[in-house]
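*Asks:* Just so you know, the protein sequences line up as chains U and A, in that order.
Heads up: the first sequence is residues 1 to 263, going by the working numbering.
Heads up: the second sequence is residues 1 to 402, going by the working numbering.
Incorrect hints may appear among the rest.
Claimed, not checked - List of simulated lysine to any residue pairs, SDA-like, C-alpha gap at most 20 Å:
| no. | chain 1 | residue 1 | chain 2 | residue 2 |
| --- | --- | --- | --- | --- |
| 1 | A | Lys207 | A | Phe127 |
| 2 | A | Lys263 | A | Leu6 |
| 3 | U | Lys145 | A | Leu6 |
| 4 | A | Lys17 | U | Lys145 |
| 5 | U | Lys145 | A | Lys263 |
What the hints contain is simulated information worked out from the structure, not anything from laboratory work.
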Amino acid sequence: MVARAGGAAVPGRAVASVASKPPPLPAGDPLIRLRGITKTYGEGATAFQALKGIDLDIHARDFIAVMGASGSGKSTTMNILGCLDVPSGGEFLFRGHHVEALDRDQRALLRRKYLGFVFQGFNLLARTTALENVELPLLYRGDSKQARREASMAALDKVGLAKWWDHTPAELSGGQQQRVAIARAIVTQPDVLLADEPTGNLDSERSVEIMELLSDLNANSGITVLMVTHEPDMAAFAHTVVHFKDGLVERIEANHRAGEPVA
Amino acid sequence: MFGTTLLLALRSIARHKLRSFLTTLGIIIGVAAVVTMVTLGRATTAQVQKNISSLGTNILQIRPGQGFGRGGGGPPPAPFKPEDVTAIAQQIAGVTAVAPQAQASATAIYEGANWQTTINGTTNAYFEVQAWPLTSGRYWTPQEESAGRAVCIIGSTVRQNLWRGGEAVGTRFRIGSISCDVIGVLSTRGQAGFGGDQDDVVIMPIKTVQRRFTGNRDIRLMLVGVDQAYSTSTVQAGITDLLRERRNITAGKDDDFNIFDTKQISDTLTSTTQLLTRIVTAVAAISLIVGGIGIMNIMLVSVTERTREIGIRLAIGAVAREVLTQFLVEAVALSMLGGLIGLLLAQAAVGLLSVLGDLPFLFVPEINIIAFAISAIIGVVFGYFPARRAAALNPIDALRHE
Chain U
1 MVARAGGAAV PGRAVASVAS KPPPLPAGDP LIRLRGITKT YGEGATAFQA LKGIDLDIHA
61 RDFIAVMGAS GSGKSTTMNI LGCLDVPSGG EFLFRGHHVE ALDRDQRALL RRKYLGFVFQ
121 GFNLLARTTA LENVELPLLY RGDSKQARRE ASMAALDKVG LAKWWDHTPA ELSGGQQQRV
181 AIARAIVTQP DVLLADEPTG NLDSERSVEI MELLSDLNAN SGITVLMVTH EPDMAAFAHT
241 VVHFKDGLVE RIEANHRAGE PVA
Chain A
1 MFGTTLLLAL RSIARHKLRS FLTTLGIIIG VAAVVTMVTL GRATTAQVQK NISSLGTNIL
61 QIRPGQGFGR GGGGPPPAPF KPEDVTAIAQ QIAGVTAVAP QAQASATAIY EGANWQTTIN
121 GTTNAYFEVQ AWPLTSGRYW TPQEESAGRA VCIIGSTVRQ NLWRGGEAVG TRFRIGSISC
181 DVIGVLSTRG QAGFGGDQDD VVIMPIKTVQ RRFTGNRDIR LMLVGVDQAY STSTVQAGIT
241 DLLRERRNIT AGKDDDFNIF DTKQISDTLT STTQLLTRIV TAVAAISLIV GGIGIMNIML
301 VSVTERTREI GIRLAIGAVA REVLTQFLVE AVALSMLGGL IGLLLAQAAV GLLSVLGDLP
361 FLFVPEINII AFAISAIIGV VFGYFPARRA AALNPIDALR HE
């Protein structure tokens, strides 16, 4: 612990300075590396081991779909990858730095700078305009009003909702709400976008639109996408599909068709 | 950073206008009540002091009889004699002047106009004790006083009614059965503290009044001026001893005269109004605390209701301190907003009540500042617990919250 904290770069500290752009990763190194990640809930006789040793490498610009039955450990893994939760054991390297033992606030700062989240239920602030929702992460970065507005409008434009900027979630369709949520996730130009069943609440037509948007962001904005889904149709958009079962990675499939450019 | 937090808090308050208003109602009422009560208390005290001081400050009024609740039966107590006046003036330390008074009432007539007024027979000491200057003319001379000449100094109400505001000094008018030369006009004093127009008076040398109106040498009231450097109670005690001796009252018997100390009455009334003000203010202060509890209550509800929002904020990278600050600032902003509205309401209430209660309109800066500061402190104190609860939420659980 101590030796690690004294390393060249303490991520918690490094991410605190938002202005500085992180150094590029050495070619071939994974963006995220999980080694023997375990997670146990409870203690003693009632202890439940949700993750039994996950090994996973995620490279920059990957588009990964995570599949598995409920209770397979995929959500727990996503929470750990999203720095919302800490593993009970194992190593979690982000950009080559150990992040498995960061405290609450350091993880928050890491999320603020490198990660974007999209949820199944959209999770937009009610009675708040699309623009204000998208601005939210920038508020915490302390950007100026002008910078917030420009970046947020750019993000809304990217998801095709620029002219809907002053509408509240109640005035938007489900698909539009999810687009606003995606704009909010990408407005900080994160390395990784974590999407938890992003199409779970949408009909198939809207779902395809959202998947095309994610594919576009992955291909053209260089954002690594990690997506949990139950639907093989949606998983088909990813380059790689990781199957979870009983707290372990069951198998990893390369999806060659998805490697072709999205129309 | 702080500007951002304030912005977030104000946005959140603006999103729930009705709830925000209801939340702050306790603070609004509390602040308004405290400020109104303290201000009205001050105004009442000022009014009481003004009323009392219209009787003259540092003045002892001495009358025959046992004061307000004079006992029934027995012969009426003897009036004072001119010798008593001289004795008090000469023998008691701290007495600046003693003015005897003999009163009568009569109709005054001038050029066809007539006016029922009070005649006050006294000496020049009266004007000194009352500190009552003339606007024109002169006081009477010692010769005129000792000779009991028919010279009059009139109050402004009498001048208004008989001379119609014209020049009175140098004219002669009839009062009762005599005619009297006007030698001076008194400055306007206005209403007496307890009703009655002090300016509706004709003042003459006491001998003139005794000879021409009352027909005796009785003095039924003495006004004693007390030097500021002396305590009125010491002077009062000295006069009591002197008068008991002069009136042959044996030890153990009650005084057959009473001394009315305007300062003492003023102090008593002032401390009574101040006590009442404090009690009412304390009650009002309790409503402030109740208001604070109201804020805490709503903030706790708000934290529960906005659990998902907190989860979103945490997920997109808010640190615990930022969430805590947001909710704390929200609570403080709410209570300060309530405090501000309360202050405005208080000024309106004070304005209205001072008109209804015929009190002077006061603005007491310190109580406004204190009440506003307390409203801010209440926001911090009662907002902290809900804010800490919000900040301690686990983002995963918070996001899953329905």
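*Asks:* For this structure, which hints from the list above don't hold up?
*Replies:* 2, 4, 5
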